[in-house]
Amino acid sequence: MRTLLWLMLKEELRTHTTYSGPRRFFTFPVMVFIFSFIFAMSMQRLLQGTSLEQLALVAQASAFIYGIGVGSFGFMGKQYIERGYGAKNYLVAIPALLPITYRKTFLGLYLRDSIFYIALVLLPATCGLALGAPFVGFKVTSILLFFAAEVLGFQLGTSISFLGSVLYTRSTPAFVAFTSGIIALVFLGGSAMLFDVRLLVPSIGFQFSVPPFGDDLEGALLLASASLAVIAATTLMALALVRFRYVSRDSKHETLLPKYMTRFRISGRYKELIGKEFVDLRRSGTVGKMFFSFILPLVFLSFTSWFVNSGLGIPVGFNTVFYGAMVGFMGILLYSWLNNVDSTDYYSLLPLTVPNVVRARIMIFLILTTGISAIFVVIISAVQHELDILWLSLLVMFVTSFYMVVMTAYLTGIRTNTFLFDMSVMSRFAIMSFIPDVGLAILSFSIRTHWAIALTGIAIVLFLLLGNTAILYYSIERKWKGTGFDV
Amino acid sequence: MPGKLEIQCPALFVTVSVISAKGLSKRFGQKQALDGVSFEVGGGDLFGLFGPNGAGKTTLLRILTGQLEQDGGEGKVLDVDVKADPMEVKRRVGIVPEVESPPTYLTAYEYLYFVSRVRQIPDIDARIDRWFDFFDLKESRDIICRDLSKGMRQKLMLASAFIHEPKLLFLDEPFINLDPIFQREVREYLLEYVRKGGTVFMCSHILEIAERLCNRAAIIADGRIIRIGEMSDLVKGGASLEEVFLKLVGKEG
Numbered sequence: 001m002r003t004l005l006w007l008m009l010k011e012e013l014r015t016h017t018t019y020s021g022p023r024r025f026f027t028f029p030v031m032v033f034i035f036s037f038i039f040a041m042s043m044q045r046l047l048q049g050t051s052l053e054q055l056a057l058v059a060q061a062s063a064f065i066y067g068i069g070v071g072s073f074g075f076m077g078k079q080y081i082e083r084g085y086g087a088k089n090y091l092v093a094i095p096a097l098l099p100i101t102y103r104k105t106f107l108g109l110y111l112r113d114s115i116f117y118i119a120l121v122l123l124p125a126t127c128g129l130a131l132g133a134p135f136v137g138f139k140v141t142s143i144l145l146f147f148a149a150e151v152l153g154f155q156l157g158t159s160i161s162f163l164g165s166v167l168y169t170r171s172t173p174a175f176v177a178f179t180s181g182i183i184a185l186v187f188l189g190g191s192a193m194l195f196d197v198r199l200l201v202p203s204i205g206f207q208f209s210v211p212p213f214g215d216d217l218e219g220a221l222l223l224a225s226a227s228l229a230v231i232a233a234t235t236l237m238a239l240a241l242v243r244f245r246y247v248s249r250d251s252k253h254e255t256l257l258p259k260y261m262t263r264f265r266i267s268g269r270y271k272e273l274i275g276k277e278f279v280d281l282r283r284s285g286t287v288g289k290m291f292f293s294f295i296l297p298l299v300f301l302s303f304t305s306w307f308v309n310s311g312l313g314i315p316v317g318f319n320t321v322f323y324g325a326m327v328g329f330m331g332i333l334l335y336s337w338l339n340n341v342d343s344t345d346y347y348s349l350l351p352l353t354v355p356n357v358v359r360a361r362i363m364i365f366l367i368l369t370t371g372i373s374a375i376f377v378v379i380i381s382a383v384q385h386e387l388d389i390l391w392l393s394l395l396v397m398f399v400t401s402f403y404m405v406v407m408t409a410y411l412t413g414i415r416t417n418t419f420l421f422d423m424s425v426m427s428r429f430a431i432m433s434f435i436p437d438v439g440l441a442i443l444s445f446s447i448r449t450h451w452a453i454a455l456t457g458i459a460i461v462l463f464l465l466l467g468n469t470a471i472l473y474y475s476i477e478r479k480w481k482g483t484g485f486d487v
Numbered sequence: 001m002p003g004k005l006e007i008q009c010p011a012l013f014v015t016v017s018v019i020s021a022k023g024l025s026k027r028f029g030q031k032q033a034l035d036g037v038s039f040e041v042g043g044g045d046l047f048g049l050f051g052p053n054g055a056g057k058t059t060l061l062r063i064l065t066g067q068l069e070q071d072g073g074e075g076k077v078l079d080v081d082v083k084a085d086p087m088e089v090k091r092r093v094g095i096v097p098e099v100e101s102p103p104t105y106l107t108a109y110e111y112l113y114f115v116s117r118v119r120q121i122p123d124i125d126a127r128i129d130r131w132f133d134f135f136d137l138k139e140s141r142d143i144i145c146r147d148l149s150k151g152m153r154q155k156l157m158l159a160s161a162f163i164h165e166p167k168l169l170f171l172d173e174p175f176i177n178l179d180p181i182f183q184r185e186v187r188e189y190l191l192e193y194v195r196k197g198g199t200v201f202m203c204s205h206i207l208e209i210a211e212r213l214c215n216r217a218a219i220i221a222d223g224r225i226i227r228i229g230e231m232s233d234l235v236k237g238g239a240s241l242e243e244v245f246l247k248l249v250g251k252e253g
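Residue numbers (the numbering used here), protein chains in the order written: chain A, 1 to 487; chain B, 1 to 253.
Hints are computed from structural coordinates only; laboratory data are not their basis.
All values reported here derive from a predicted model rather than from experimental measurement.
Worth double-checking, as some hints may not be accurate.
To be verified - BS3-like cross-link-like pairs, simulated, lysine-lysine; straight-line CA separation at most 25 Å: (1) B:Lys-138 <-> A:Lys-252; (2) A:Lys-271 <-> A:Lys-259; (3) B:Lys-76 <-> A:Lys-252; (4) A:Lys-10 <-> B:Lys-31; (5) A:Lys-271 <-> A:Lys-10; (6) B:Lys-22 <-> B:Lys-83; (7) B:Lys-138 <-> B:Lys-150; (8) B:Lys-22 <-> B:Lys-167; (9) B:Lys-76 <-> A:Lys-481; (10) B:Lys-138 <-> B:Lys-76; (11) A:Lys-479 <-> B:Lys-83; (12) B:Lys-138 <-> A:Lys-259; (13) B:Lys-150 <-> B:Lys-76; (14) A:Lys-481 <-> B:Lys-83.
To be verified - Reference excerpt, derived from the structure (chain B facing chain A, CB under 10 Å, subset only): (15) Asn-53; (16) Gly-66; (17) Arg-141; (18) Ile-144.
Just so it is clear, CB atoms sit at the ideal spot from N, CA and C, and this is done for glycine as well.
Bound conformation, chain B alone:
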């Protein structure tokens, strides 16, 4: 059974905007991946971004985390310009990518140790133990990432994003490959995390979980935000998020 984790995220950014996008655009060859995307995410939000495959979700997340440069517009994360200082953004946030891809030849322990050293965090072993306990990874401590199951690798990627206790998390499909027990554990952790002042920006196709989890959300299609607001406003009238989503992207029925 997974261990319990005490959240130590400082209660900051309760009302301040921590993510700000103004007219972000990105083109890959002939494809306009993002087309003037603007929105804000406030401190303490658990913000969900949903959209069909190829809508621009991962591109937007990668721009906001300094992994990719936008062609136009401005992005700010924790008041840092993502284009001007992507390293500072990466220092301050935790990122879980769409595909779980930890380094092939490091053991689970070594990967978290490497991340901790690069991020210059104190009490490395205590923190690694805490997350190994939370994700039930102790048995996999000395196994190289190549030989871990997909679920174990996903847990490791989540642990590597949480280990430095950032104020903002960017999660791309965080529940993928996790069994129901750990889907619930991660869900509860994220709720506790935002209660204590952290902020989450999350992309997901698992709309049932997202509907229960997120307080704000946006739907993106063809590189444009087509709906944004409070989750309660999006699903009002008894419709589920899935129904709203299908209707908005024109695939219902």
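Bound conformation, chain A alone:
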């Protein structure tokens, strides 16, 4: 197992360094460290507009959502295994040739990504915060406890996502039952107070039980143990259920492509690509992935807000404008999935360019998300009795969604997962997303107290984002024109 894990780690590293080179790749954690140090140093200023509880909640919820995104090994592994032909293959598919079980390679995948992403993102981020802590009056022990909560939240997300994705690959009803069960547990159990509400998201409960938010050592240990128990149970169940068999599946499929091309004829010269990609999305079962990557994190974010407010009694309410911005910024998860549905090698045989595919995928993103995002924002505004700011929230959601996907597409082309770990790309991405993200978040927090200032600020940010979106969209051609599909 140790050899397999070591080889899988090297494989992951080489996949990333193939495109950006080792030096640029290894600068990525350094950049994370620097950004988090700068963040720590500007904490006092940030706390003038928001509370420490809000920041901690966003950080912990992000770690969990990040884990959900990373942990869909069921989908990922199935894709690699089924892509048994083509230019590339991965160690997870090796049981087809060698006497080794899929259970073992999937455990390798789980451990590999846990180590890889904790080392690459969570650890350097914590080190940056720890370095800045003494300057802003935080204890290093608080930072270590914050790191522990982050790791627990990340692993919780990874393990739950792993189990959900494995269930999805085996049985749609089982997957539906699993997700319904979680939702029932969270909303019914939580609101009826059938058990200690902190157990619902134990990693976040842990964070708010330890300094600087609380001082309940016994409760914290219980919550940490609960987190570890859930992590172990879900991972073991996922591993027990992993099973892939090579069977002849020459089942017939209805011809969809001509219909889809007709449906998207309004997209002009992109209708062939959009039609083809929609067929891919439908037949690859990406609807489930969308659920994991987009809708679930949004529901989770709203739930954690409710949970910390009601369950923990800590006032950290987010308004609908904040959610509008968050929906937009989460769009990159979906764009990233669009780039992982199938290999694009064969496009290089046809008169098509990378910019053609990038633009087609931006359109697909907008077709897929606009309705869902709008419905989500409308529901949130109704639940929170904030219909008076619904128009603003929708505007923020549309502009940030469009900006984020175009900016991500411009920076990463059709290899989002890989290029976001390139230092130069990541640093530009961080600046281009972090600044408007934080700006909109802070402005949204003061919308009830300083309406005119907040509205003016939001208008300026949206105007700048729209301008940048137009520039970046037209620059996609120049940036990606000479790039190959398989290079």
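Mind docking chain B on chain A? Use the hints.
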């Protein structure tokens, strides 16, 4: 049994050079994949490129088809500069890659339909039917490419390269995974195709077929062309292409 196909390739480029390479070079990190490769292929040629693994065959084919940019030198295909206008090259030629990799989730029919629409060719269904008939793919029409056998996928890749009836075909190991019946069918199709004025540039390790098929050939090793000429000149003196090849790349005996 495979159906018969009538070739509709216009009789052009009989004497004109359709591929021209001048000093092409390409480096991947420390490895010099191509080192000043120069040659010409005339219209109506069935040109074979042979060489050991890693000699630079696929790199050269990918440069000439606009899939990869060269570091130095000049390549022209059908009078189009491959570096300056790779899209025009792809529009005009048909390409079969080394690894058969059609899109995972499209059916066989949908893949050919997609290719036809991207290439903006008329009479799509008639052409698809013709090639399904030729390659005996009708039973696989509604099966997604992921679930097709390797041989079926290779046939589909060949059909997708032939469907727009280009004047020039670039084929990288076209006979791989094909059964003997279809190896013969494709061989006969290619001979008929060049008789009617088409040109074929082909890389292959199956030297027996290549010797019977190609009228001109080049042998490449370590990124350099070490022999080029008429097939009859290469194998003169009773030696087979395999013997000539082994001798030239220094592996005989």
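Cross-check of the supplied hints:
1. Using a Cα cut-off of 25 Å, the hinted pair B:Lys-138 and A:Lys-252 holds, with the two alpha carbons roughly 12 Å apart.
2. Straight-line distance between C-alpha atoms of A:Lys-271 and A:Lys-259 comes to about 11 Å, which keeps the hinted pair within the 25 Å bound.
3. Note on B:Lys-76 and A:Lys-252: the hinted pairing is violated, with a Cα-Cα distance of about 43 Å set against a maximum of 25 Å.
4. A hinted pair counts as satisfied when its Cα atoms are at most 25 Å apart, and A:Lys-10 with B:Lys-31 qualifies at roughly 22 Å.
5. Note on A:Lys-271 and A:Lys-10: the hinted pairing is violated, with a Cα-Cα distance of about 40 Å set against a maximum of 25 Å.
6. Taken as a hint, the B:Lys-22 and B:Lys-83 pair is honoured in the structure, with Cα atoms around 13 Å apart against an allowance of 25 Å.
7. Only pairs whose Cα atoms come within 25 Å are accepted, and B:Lys-138 paired with B:Lys-150 is accepted, the gap being roughly 16 Å.
8. At most 25 Å may separate the alpha-carbon atoms for a hinted pair to count; B:Lys-22 and B:Lys-167 meet this at roughly 22 Å.
9. Proximity of B:Lys-76 to A:Lys-481 is assessed by CA-CA distance (about 20 Å); at most 25 Å being required, the pair is judged to hold.
10. Proximity of B:Lys-138 to B:Lys-76 is assessed by CA-CA distance (about 37 Å); at most 25 Å being required, the pair is judged violated.
11. With a C-alpha separation of about 17 Å, the suggested pairing of A:Lys-479 with B:Lys-83 holds against the 25 Å cut-off.
12. With a CA separation close to 21 Å, the supplied pair B:Lys-138 and A:Lys-259 stays within the 25 Å bound.
13. Taking the CA atoms of B:Lys-150 and B:Lys-76, the gap is about 33 Å. The hint is violated against a cut of 25 Å.
14. The straight-line distance between the Cα atoms of A:Lys-481 and B:Lys-83 is roughly 12 Å, inside the 25 Å bound, and the hint therefore holds.
15. With a cut of 10 Å, the hint placing B:Asn-53 at the interface with chain A is violated, because the nearest CB-to-CB distance is about 16 Å.
16. A distance limit of 10 Å between C-beta atoms decides the matter here; for B:Gly-66 the minimum to chain A is near 9 Å, and the interface restraint holds.
17. Against a cut-off of 10 Å between C-beta atoms, the interface hint on B:Arg-141 holds, since the closest Cβ of chain A lies about 8 Å away.
18. This hint holds: B:Ile-144 has a C-beta 6 Å from the nearest C-beta of chain A, less than the 10 Å allowed.
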